[in-house]
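*Asks:* These are the residues of each chain, in order.
Protein chains: 2
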Amino acid sequence: MEVKVLQNILSANDQLAARNRQLLNQKRVFTVNIMSSPGAGKTSLILHTIKGLKDKVKIAVIEGDVASSLDAEKVTAYGGRAVQINTDGGCHLDANMLVSALDNLPLDDIELLLIENVGNLICPAEFALGEHKKVMLLSLPEGDDKPYKYPLMFTIADAVVINKLDLLPYLDFDIEGFCRTVKGLNQRAEIFRVSCKTGEGVESWLSWLWNELKNYNSI
Amino acid sequence: MEVKVLQNILSANDQLAARNRQLLNQKRVFTVNIMSSPGAGKTSLILHTIKGLKDKVKIAVIEGDVASSLDAEKVTAYGGRAVQINTDGGCHLDANMLVSALDNLPLDDIELLLIENVGNLICPAEFALGEHKKVMLLSLPEGDDKPYKYPLMFTIADAVVINKLDLLPYLDFDIEGFCRTVKGLNQRAEIFRVSCKTGEGVESWLSWLWNELKNYNSI
Numbered sequence: 001m002e003v004k005v006l007q008n009i010l011s012a013n014d015q016l017a018a019r020n021r022q023l024l025n026q027k028r029v030f031t032v033n034i035m036s037s038p039g040a041g042k043t044s045l046i047l048h049t050i051k052g053l054k055d056k057v058k059i060a061v062i063e064g065d066v067a068s069s070l071d072a073e074k075v076t077a078y079g080g081r082a083v084q085i086n087t088d089g090g091c092h093l094d095a096n097m098l099v100s101a102l103d104n105l106p107l108d109d110i111e112l113l114l115i116e117n118v119g120n121l122i123c124p125a126e127f128a129l130g131e132h133k134k135v136m137l138l139s140l141p142e143g144d145d146k147p148y149k150y151p152l153m154f155t156i157a158d159a160v161v162i163n164k165l166d167l168l169p170y171l172d173f174d175i176e177g178f179c180r181t182v183k184g185l186n187q188r189a190e191i192f193r194v195s196c197k198t199g200e201g202v203e204s205w206l207s208w209l210w211n212e213l214k215n216y217n218s219i
Numbered sequence: 001m002e003v004k005v006l007q008n009i010l011s012a013n014d015q016l017a018a019r020n021r022q023l024l025n026q027k028r029v030f031t032v033n034i035m036s037s038p039g040a041g042k043t044s045l046i047l048h049t050i051k052g053l054k055d056k057v058k059i060a061v062i063e064g065d066v067a068s069s070l071d072a073e074k075v076t077a078y079g080g081r082a083v084q085i086n087t088d089g090g091c092h093l094d095a096n097m098l099v100s101a102l103d104n105l106p107l108d109d110i111e112l113l114l115i116e117n118v119g120n121l122i123c124p125a126e127f128a129l130g131e132h133k134k135v136m137l138l139s140l141p142e143g144d145d146k147p148y149k150y151p152l153m154f155t156i157a158d159a160v161v162i163n164k165l166d167l168l169p170y171l172d173f174d175i176e177g178f179c180r181t182v183k184g185l186n187q188r189a190e191i192f193r194v195s196c197k198t199g200e201g202v203e204s205w206l207s208w209l210w211n212e213l214k215n216y217n218s219i
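Chains X and E are the protein sequences, given in the same order. Going by the numbering used here, the first residue of the first sequence is number 1, and it counts up by one from there. Going by the numbering used here, the first residue of the second sequence is number 1, and it counts up by one from there.
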């Protein structure tokens, strides 16, 4: 019976996600759902993205958190436009939460929307929001076994960003093996190696995102 | 209506957790629920604990994971006794899952039971299993803002283990500030600073656990 309830919730979520996608397409807002464990660097990647693309495209951010508005404040302090969703204990964003957040954004004046999901490698992978691309971050200290332990997240990602590359010398992390495992689960995933701390590799992430945005707008 | 369903599930869970606790008390099995983000070092702390206490007390481990049995294999390779629970996508262990795991353990021959919860800072904090103590790990690379963002986990913990102390020189982590924040949320939390990689600080964690076990057995 619990399964039935869950299926109903998921199917209701998919319908709402489809409606969100329709609205985003109508307004031509390219939308990226960014997911990771707590502390893997979602906010830092978003700040780099704002810095790198803000002169080329109008950006807004939706910040999802269990509690607090720390990340939204960081984005705003950086000159970004941010809406905060507090899930009040919920472990993921869902399409219905996005409905309210979209209501609070001037969509006619936004070209790129970045959604920072709740820090969690499990449930965010199950709930579509209406986004065009799903991106997941894995920070090196989390370990190279994560694709085996959280396969769904790696399977659904359009891009996997490996963050905290600056810590590689101090860790036992087989980066080539990790990339092979990710590709084994998900051949189409683009993989980027970055350090949001030093800025290393961020440029290739920005190029990919910029190209995806152009592709979207040329359709 | 979703809230009502959730409340029913939580209350059913609490009843099962109470029953688990009763069984564990009857068999005199001191049980510790270990929680953290993915990759914070739960398995490493468990391996240190087996190494440090296996000559003094009979230990078993329940390994909770979304998928795979990697951690249970590590424990077994280390000479520990392990039972694996795969949640098949579920983001936390619940009391009902523990019922089946306990059925598969020779409780008369176990004095200390360590439960490795699913890697997630959110939902595991909401579901009692029947354990005697709740322990949470925070690894330094996750950042010192985590108590603000995941307050429930820090509030319910009997002990907070700060892991990956060996990475401190390479990170911006205010460890004194972090401890003050944790104490602000939860005065009774014991805080330990360890590196499961170098072994630094593990001794004080083991002393605490050993004392708690003795206190339990003296009641």
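No lab work stands behind these hints: they were computed from the structure. Please note: incorrect hints may appear among the correct ones.
Claimed, not checked - Below are the BS3-like pairs computed for lysine-lysine, each with C-alpha atoms no more than 30 Å apart in a straight line: (1) X:Lys74 <-> X:Lys183; (2) E:Lys27 <-> E:Lys183; (3) X:Lys183 <-> E:Lys74; (4) X:Lys197 <-> E:Lys197; (5) E:Lys51 <-> X:Lys74; (6) X:Lys27 <-> X:Lys51; (7) E:Lys214 <-> E:Lys54; (8) E:Lys58 <-> E:Lys133; (9) X:Lys197 <-> E:Lys54; (10) E:Lys51 <-> E:Lys214; (11) E:Lys197 <-> X:Lys183; (12) E:Lys58 <-> E:Lys27; (13) X:Lys133 <-> X:Lys58; (14) E:Lys74 <-> E:Lys214; (15) E:Lys74 <-> E:Lys183.
What the hints assert, rightly or not - Covered by chain X, according to a simulated footprint, are these stretches of chain E (three or more residues, beta-carbon under 8 Å): (16) 13-27; (17) 58-67; (18) 111-121.
Stated by the list, open to error - Beyond 10 Å from chain E on every Cβ pair, some chain X residues (computed): (19) Ser11; (20) His48; (21) Lys54; (22) Pro106; (23) Ile122.
Please read all numbers here as calculations on a predicted model, not as lab measurements. Quick reminder that beta carbons are idealized off the backbone N, C-alpha and C, glycines included.
*Asks:* Each hint: holds or not?
*Replies:* Results of checking the hints against the structure:
1. X:Lys74 <-> X:Lys183: violated (33 Å)
2. E:Lys27 <-> E:Lys183: violated (34 Å)
3. X:Lys183 <-> E:Lys74: OK: X:Lys183 and E:Lys74 at ~25 Å, within 30 Å.
4. X:Lys197 <-> E:Lys197: holds (23 Å)
5. E:Lys51 <-> X:Lys74: Status violated; Cα separation ~43 Å.
6. X:Lys27 <-> X:Lys51: holds (23 Å)
7. E:Lys214 <-> E:Lys54: Holds, because 15 Å separates the two Cα atoms, which is no more than 30 Å.
8. E:Lys58 <-> E:Lys133: holds (18 Å)
9. X:Lys197 <-> E:Lys54: This hinted pair is violated, its Cα atoms lying about 41 Å apart.
10. E:Lys51 <-> E:Lys214: Within the cut-off at roughly 18 Å; holds.
11. E:Lys197 <-> X:Lys183: This hinted pair holds, its Cα atoms lying about 29 Å apart.
12. E:Lys58 <-> E:Lys27: Holds - the C-alpha atoms of E:Lys27 and E:Lys58 are around 13 Å apart, at most 30 Å.
13. X:Lys133 <-> X:Lys58: holds (18 Å)
14. E:Lys74 <-> E:Lys214: holds (27 Å)
15. E:Lys74 <-> E:Lys183: violated (33 Å)
16. 13-27: violated (count 0)
17. 58-67: holds (count 3)
18. 111-121: With 4 residues closer than 8 Å to chain X, the region 111-121 of chain E meets the three-residue bar; holds.
19. Ser11: Per Cβ check, X:Ser11 is outside 10 Å of chain E; nearest 14 Å; holds.
20. His48: Non-interface label on X:His48 holds, nearest chain E Cβ at 16 Å vs cutoff 10 Å.
21. Lys54: holds (24 Å)
22. Pro106: holds (27 Å)
23. Ile122: violated (4 Å)
In terms of the numbered hints stated before, the structure departs from hints 1, 2, 5, 9, 15, 16 and 23, listed from lowest to highest.
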